[in-house]
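Got chain R; can you put chain V on it based on the hints?
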Amino acid sequence: MDTVIIQYNAGNTRSVYNALQRLGVEARISSDEADIRAAGRVIFPGVGAAGPAMAFLRAAGLDKLLPSLEQPVLGICLGMQLMCRYSEEGDTNCLGIFDQDVLHFGTGAKVPHTGWNTLQHLSSPLFKGVDENSYVYYVHSYYVPQGKTTTASTDYMLPYSAALQKDNFYALQFHPEKSGPAGARILQNFMSL
Amino acid sequence: MTLAKRIIPCLDIKDGKTVKGVQFEGLRDMGDPVALAAYYAEQGADELVLLDITATHEKRKTLASLVARVALAIDIPFTVGGGISSPDDVRRLLEAGADKISLNSAALRDPDLVGAAALAFGSQCVVLAVDTKMEAGDWYVYSNGGREATGRLTRDWVREAVARGAGEILLTAINRDGTRSGFALDHTRHIAEAVTVPVIASGGAGNKEHFLEVFTEGAADAALAAGIFHEKILALPELKQYLKTSGIAVRT
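Residue numbers (full-length UniProt numbering), protein chains in the order written: chain R, 1 to 193; chain V, 1 to 252.
Honestly, the hints are just simulated from the structure, not real lab data.
Please note that a few of the clues may not be correct.
In silico DSSO-like cross-links for lysine-lysine, where the CA-CA straight-line distance does not exceed 27 Å [to be verified]:
1. V:Lys-14 / V:Lys-232
2. R:Lys-148 / R:Lys-128
3. R:Lys-166 / R:Lys-148
4. R:Lys-110 / V:Lys-14
5. V:Lys-232 / R:Lys-110
6. V:Lys-232 / V:Lys-244
Over 10 Å on every C-beta distance to chain R, these chain V residues come out as not near it, computed from the model [stated by the list, open to error]:
7. Thr-2
8. Ala-116
9. Gly-146
10. Glu-148
11. Arg-152
Every residue gets a Cβ at the ideal spot worked out from N, C-alpha and C, and that includes glycine.
Okay, chain R solo, but in the shape it has when bound (with noise of 0.2 Å):
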C-alpha cells in the first residue's frame, strides 16, 4: 500500500517528496485518477491560489474524486484550504469535505503569516508525541477559523485551526515537511495511521 502525493498545478510536492524520502518512505507522484485511488495513503500539498488550484482540479475530474476517498488523506496548507467549504480567496468554491469557510485574516499585523508559531489543543492521532507548543512553520494569507473538526489551533490575531480532522481527512494548515523534528514527528505518525 504505497503513499500517492498529488501532483497538481499548486503543488510543493517535492518538499513533501523529499520530507518523506527523510523518513524512508518512497513515495509517487501522480494525478492519475485511479493511482490516487488505489493508493494506501494519500497526500494533498499546495502552495499558491485557491481559484486556479481549484479550476485545475476540476478540469482533471479530481474535485469528485477527493471528497470520496476512504483511505486516509492528508491535506497541507492550500491543501486543507481547499478541502474546505469555500475560500474568500478569489471568491472560490472548494471541495466540501470540512464545513468551513476560509477567511483573509485581514489588517492588523503582517500578512502573510510566515515563520514558527506554536500548537494548542493538540487532539489527533497526527499529534501522537508532539508536545503542547511546539513550533511548526507557517506561510499563508488565509485561515480557518476553529470549529469542531479543529484538532489544532494556533493564535495569529486570533486563534484558529491550525489542524482539522473528520473520518479518514487529515488536514494541517503549517508545513510539516518544513517543520523541523515536530514535521517529522506529524508526517511519521500520518504514515502509521
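What follows is chain V alone, placed relative to chain R:
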C-alpha cells in the same frame, strides 16, 4: 501571538562550494554547502539563505543541482539568491526545491521581474534583497553586490517592490556588513514599519546582544548573519537560549 523571531545563517556559495572561513569540526568537508546546511538545521537555524556569488553565468548552472541536494537534506525552509535575473531562473530554483528566491540587482534593472515572479509563484516565495548604505543622512540602494550607487532612497524602492508583490525584505546595511558592530537599528525599524511584509535584518552581527537589539529596537522579524556563525564566535543554541531568556519568542 507567539510568532517566533527567526535566526537565519547565510551560506555564500561560489562554484558550488561555501566560501568564508567556515570553522566547524566534525564536518568532513567544510566547503560542502549540503553538510553545512544540515549542520545549521540540526543546530536550530529557523531558515537558511544560500547566496550564490559565482561570477559567471556558465558556472552558475550547477546551482540547481546543489539546491536539490540541500532540499533533500534539510527540513527547514531556505531561500536561494544571487544572479537570478528571469522568471525561468526562478522556476528552475523553486522546482529544484528552494522555498523562496531572492531578487536584487535584476529587480533594480527590471522592476517588472518582481511582479512577474510573484504572479507566477506567489508573493510568499519572492524575497527582495536590498543592499542599503547611509549617505548624507539618508539610506540609499546600491546594486551589483553593493558596488554601484543607484541614487534611489531605500524606503522608496522597498515600498515599490512590496507594492509589486515582494513578500519579504532582506535588508543588508553594507557599511555594517563584516564590521561586527551591530545591525543598523534605526534604519531597520524605519523599513519594518514602512511595509506590511516581514523584514530580515542583515549586516553587522557581532554578538548575541546585537540580535536582541535588532528584534527590539530594530523591530526586525528575522536576523541574518554569516561570519559570526561560520567562525564559531556564536553558536545557534546559545544565541537562542539568550534571546529566550531575554523575553524574545524564539523556536528552541
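Hint check results:
1. A distance of roughly 21 Å separates the Cα atoms of Lys-14 of chain V and Lys-232 of chain V; the hinted pair therefore holds under the 27 Å criterion.
2. The hinted pair formed by Lys-148 of chain R and Lys-128 of chain R meets the criterion: a straight-line CA distance of about 20 Å does not exceed 27 Å.
3. Between Lys-166 of chain R and Lys-148 of chain R, the direct Cα distance comes to roughly 9 Å. Compliance with the 27 Å bound is thereby established for this hinted pair.
4. A hinted pair counts as satisfied when its Cα atoms are at most 27 Å apart, and Lys-110 of chain R with Lys-14 of chain V does not qualify at roughly 34 Å.
5. Proposed proximity of Lys-232 of chain V and Lys-110 of chain R is contradicted: the alpha carbons are some 33 Å apart, above 27 Å.
6. For the given pair, Lys-232 of chain V sits about 20 Å from Lys-244 of chain V by alpha-carbon distance, which is consistent with the 27 Å threshold.
7. The Cβ of Thr-2 of chain V sits about 5 Å from the closest Cβ of chain R, inside the 10 Å cut-off, so the non-interface label is violated.
8. At roughly 15 Å from the closest C-beta of chain R, the C-beta of Ala-116 of chain V stays outside 10 Å, upholding its exclusion from the interface.
9. The claim that Gly-146 of chain V lies off the interface holds: its Cβ sits roughly 26 Å from the closest Cβ of chain R, which is beyond the 10 Å cut-off.
10. Annotated as non-interface, Glu-148 of chain V keeps its C-beta farther than 10 Å from every C-beta of chain R; the closest such distance is 30 Å.
11. A cut-off of 10 Å between C-beta atoms confirms that Arg-152 of chain V is not in contact with chain R; the least separation is 24 Å.
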